[in-house]
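Keeping their order, the protein sequence lines are chains A and B.
Under this note's numbering, the first sequence has 296 at position 296, and the numbering climbs by one with no breaks.
Each number in this note's numbering comes from the position in the second sequence (counting from 1) with 1000 added on.
Hints are not guaranteed to be accurate.
Below 20 Å or equal to it, Euclidean Cα-Cα: the simulated SDA-like pairs (lysine to any residue) are [to be verified]:
id, chain 1, residue 1, chain 2, residue 2
1, B, Lys1170, A, Val80
2, A, Lys81, B, Glu1109
3, A, Lys132, A, Asp197
4, B, Lys1198, B, Gly1208
5, B, Lys1207, B, Asp1149
6, B, Lys1198, B, Glu1136
7, A, Lys46, B, Asp1053
8, A, Lys81, B, Cys1153
9, A, Lys46, B, Pro1047
10, A, Lys81, B, Asp1107
11, A, Lys252, A, Glu317
12, A, Lys81, B, Asp1149
13, A, Lys46, B, Gly1054
14, B, Lys1207, B, Glu1130
15, B, Lys1207, B, Glu1136
16, A, Lys81, B, Gln1169
17, A, Lys81, B, Pro1174
18, A, Lys252, A, Ile278
19, A, Lys81, B, Pro1172
20, B, Lys1170, B, Phe1197
21, A, Lys46, B, Asp1048
Since the hints were made in silico from the structure, they are not lab data.
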Amino acid sequence: MIPPFAYVRARSIDEAVALLARPESRPAAGATDLIGCLRDEVFTAKAVVSLGGIEAMTGIAETADGGLRIGALTSLTTIVKHALVAGRYPALAQAAASVASPQLRNQGTLGGNLCQRPRCWFFRGGYDCARKAGDTCYAMQGDNRYHCVFGGSTCLIVHPSDTATALTALDAIVSIAGPKGTRSVPIQQFFVLPEKDMTHENVLAPGELVTTISLPAPRAGLVSVYRKARARASWDFALAACAAAITIEQGKVTAARIVLGAAAPIPWRVEGAERMLIGRRLDEPTRARVAAAALNGATPLEHNAYKVAMLRGVVSEALGSIG
Amino acid sequence: MDSHDPHDTPHDAGVSRRGFLTSVSTGAIGVVSAAHLAASTANEAPPDMTAADGQRAVTITVNGEARRLSVEPRWSLLFVLRERLGLTATKTSCERGECGACTVLIDGETRYACMTLAVEADGHAVTTLEGLMQGEALGPVQRAFAEEDGLQCGFCTPGQIMAVEGLLQKTPAPTIDEVREGVSGNLCRCGTYAHIFKAAQRAAELKGARS
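Bound conformation, chain A alone:
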């Protein structure tokens, strides 16, 4: 049985913000990660604030400039099935479709998927690890086969979200409401490395919540894709993933985003590899050079050297499916 907590349903974003400003109040959207964390006592909650009744946070709408506004409470299934998402932002549709199982996609939301806690088995297990404000990252000495090859310092998690990787490639904007009002953050500035904040995966301050995820209108010639490698194809977190969003005009690449998933504590953009694509045709030799360059500077741990080859493989596959 989960330890007891109080429960309240917020009727508006403002009310949710006020309720979440209280100590140890946790928001519940789909709550699939919340319930897992509470049950395993990864963290505790004095109160759970249900967001389910906030109409303003659901649904997908086209913006005046041809982009999309996706309410943070929109279910992953709704995103997978939405024609405009699949048509204009296939990387997001593919990433959302690759999350967990049908049951969890029916319940889980886009905002929740971005804000889920890491899957590190020391963090999820009974360890008083650095991410829980303890002294040690146990993955440094322990079994680190699922940990990062980029961006680790005093904590070696990978970010678990598939949609975060895709939304980073698509230059999404995250809208946040909080006690000091609302703000919008480019998704690349939403996630934070452990060297900046060891105990949080993103910039949300106490009392803040994600309300909307916005996608800019796709440029003419934009193609995007998400590739995910996992131990169990039917249902698993990524071992290696890549989202690519490439704009091709008159046969040549004019803009590129390549983002690695399950590689770092945040979605990991590889700008050096992106630059190699500009002005080039996406032919096989170019794809191979870029896939190799994408892993430049990777620092595998004792048990996860396989990830370097696997990440190179998913980058190569992602670019190959576009080129």
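With chain A held as given, fit chain B onto it using these hints.
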């Protein structure tokens, strides 16, 4: 009152003696509900907070029947179905959203009852395996699993059947890939997946034959 006592379960709809005692002993439910109603018309009213050691009045439509219950915020829908309503077809297994044995339909969509708080099911319609029965006869998906031997030990079977039911409600004539996808959130430790896929396709035929 020991709120976890399974013998305190109101098996019948309406105000049973035990349901009445539960309401009285947990106190103030009528008052709280009135506050909640007022809040829907006057938004400045404070939100309806249920204390960690309190219970909340919810109405969940289970297999077509409105069930009024008092639930602790931390109770899962799975706990309420099994231990408060006596509907034990929905199985408790991993309790962490990894196996699918507790699959039910909520408003027609497949969900894990272990990962759903009962308070969050308030106002929604839940279908369990019991709800697929046609009187004393098996429903079409259940019949298909029996005909195609879609089980070995049978423990995951209620969840598999609910996953197939949910799939067929959205996709009446699924391809084999859609079937695989539809039951991909349900583990079978006996490994009888090939038979489960056949049962799903047979179920589609049986449901089609009925309509």
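Checklist entry - So which of the earlier hints does this model not fit? => result 6, 8 and 12
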